[in-house]
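Enquirer: Residue numbers (our numbering), protein chains in the order written: chain A, 1 to 251; chain B, 1 to 189.
Please keep in mind that the hints were generated in silico from the structure rather than gathered at the bench.
One or more of the hints may lead you astray.
Claimed, not checked - In the DMTMM-like style, the derived pairs of lysine to aspartate or glutamate whose C-alpha atoms are separated by at most 20 angstroms in a straight line are:
#	chain 1	residue 1	chain 2	residue 2
1	A	131	B	177
2	B	129	A	143
3	B	116	A	143
4	A	144	B	130
5	A	100	B	130
6	A	101	B	130
7	B	45	A	143
8	A	144	B	177
9	B	129	A	97
10	B	128	A	97
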Amino acid sequence: MVECKDIVLSQNEQIILDSLSLSVKEKEKIVLLGINGSGKSTLLKFLNGLIFSQQGEYRFKGELITANFLKKKENFVNFRKECSLLFQNIDAMLFSESVKKELLFSIELLGIQREEKEIDQVIKMLGLHDKLDSFPFMLSGGEKQKVALACVLLVNPELLLLDEPLSSLDHGVSKKLIDYIQSLESTSIISTHSLVLAPELGERAIVLKEGKIIYDGGVNSFVNNHELLHKAGFLHTHDAQDLGIWHSHKK
Amino acid sequence: MDRFSDFFISKVLLVILIATLIFTASSSSMMLFGILSVIAFLISKERFYVLKFTFFAVFIFSFFVAFINGIFIYYLTGHIDLTQQIIFVWRSFVLTYLTISFINRFGIVGVFGITKEIRLFIVLFLAKKELFIRILKESYEAAASRGMNTKSFSDTLRLIASLAVTLFHKALLLSKENNLALRSRGYYG
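In isolation and in its complexed conformation, chain A is listed as follows (with noise of 0.2 angstroms):
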């Protein structure tokens, strides 16, 4: 579904994406790993069309993304139907008076039917039931996570890019989306610094430092390997001198 070669991408001569190169089968369940300023935020974004590289090719579904290809109304709209991002800043994402246009604006713009069924179950399943009225700005940091959550399952796309969708849902929130998102048929690529929650969120991970994979495989291989999570950074070390012993921790 999705193959990426060779993708180098520099923002303000900074090299964010090194000579990546990933492929994505269908209905794979990705976990993007990486400390903070890895790389996965700008790799989502490029895989959702939104940035673009200076040298690699991306293709989806065997379509060559580029800027000129997505410039074509009927291409926009029919990538957009197909691939949909949750944005690690909720703010950016929401534009309408009331949760309930929030919900439906996607929906409406890329002309795509659902029923009241549908809609109702990722209403009842985020809580926002007694919300659809509010003003999205004036909900608070969890809540506007979730309205931007049910924006993007709205849609219910191919190939579903989610940047934290956890870091602001507390835990039964975080169990019934993780529930749900595994029981969808579509693909997914789910960036999170989170160990514990890696393993529920996918089988496969990719696992980004300065830019480049430094792994692609299973979840558990992976943080249960010291040294590689070490590699990655998510271990550190440091001299306990009050015991005189080096030792090392999960973050």
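Here the structure of chain A is known, so what remains is to put chain B in place on it, guided by the hints.
Expert: Coordinates of chain B only, in the frame set by chain A:
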């Protein structure tokens, strides 16, 4: 067809509103003002809220203007025509009451036929205002918590100066992200 009929209805409503306002503005009939006030009351969706809002927003202000006006007229002519002053207050009240009731019933979009782009601009403006007020409030609290003397004018001024730069950068970054998110969510325009 739906979009066309919405557009057509909004234009008709706007013509009706403007015609009524012009007619009211050129009249001095107390009876007409009374009838129009009753119509405005019946049109508005949240009747008592709109009435209360208009009363406080306009009646008191107009009353104050009429009072000042009265003093000047008395100074110039030596007498006050009270009816003239009452008509002035009544008229400004009716003009505002009618406009607000129309908007309350049909919405700004309905009356003025605002396009989707202008609506988006208004929502983004309100959203940014809300966000920046929150940032300002939190920054003020954080500065106080980090030792700023909130009663000191110079400290407050210094904080405002540094926040202006921060807010400018945040606005710039947010606008870029907004643009990407709009496209990501299917906005082609």
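Enquirer: Each hint needs a verdict: does it hold in this structure or not?
Expert: We went through each hint and held it up to the structure:
A threshold of 20 angstroms between alpha carbons decides the hint, and for residue 131 of chain A with residue 177 of chain B the separation of about 25 angstroms lies outside it, so the pair is violated. Restraint check for residue 129 of chain B and residue 143 of chain A: satisfied, since their Cα atoms lie roughly 19 angstroms apart, inside the 20 angstroms limit. A C-alpha spacing of about 26 angstroms is found between residue 116 of chain B and residue 143 of chain A, which places the hinted pair above 20 angstroms, so the restraint is violated. A hinted pair counts as satisfied when its Cα atoms are at most 20 angstroms apart, and residue 144 of chain A with residue 130 of chain B qualifies at roughly 13 angstroms.
Restraint check for residue 100 of chain A and residue 130 of chain B: the C-alpha separation of about 19 angstroms stays at or below 20 angstroms, so the hint holds. Pair hint residue 101 of chain A plus residue 130 of chain B holds up; C-alpha atoms about 18 angstroms apart against a cutoff of 20 angstroms. Annotation: proposed proximity of residue 45 of chain B to residue 143 of chain A is violated, straight-line Cα distance about 30 angstroms (limit 20 angstroms). Using a Cα cut-off of 20 angstroms, the hinted pair residue 144 of chain A and residue 177 of chain B holds, with the two alpha carbons roughly 16 angstroms apart.
In summary, the hint linking residue 129 of chain B to residue 97 of chain A is supported, as the alpha carbons are separated by about 13 angstroms, within the 20 angstroms threshold. Taking the CA atoms of residue 128 of chain B and residue 97 of chain A, the gap is about 12 angstroms. The hint holds against a cut of 20 angstroms.
In the structure shown, a violation is registered for the earlier hints numbered 1, 3, 7, in ascending order.
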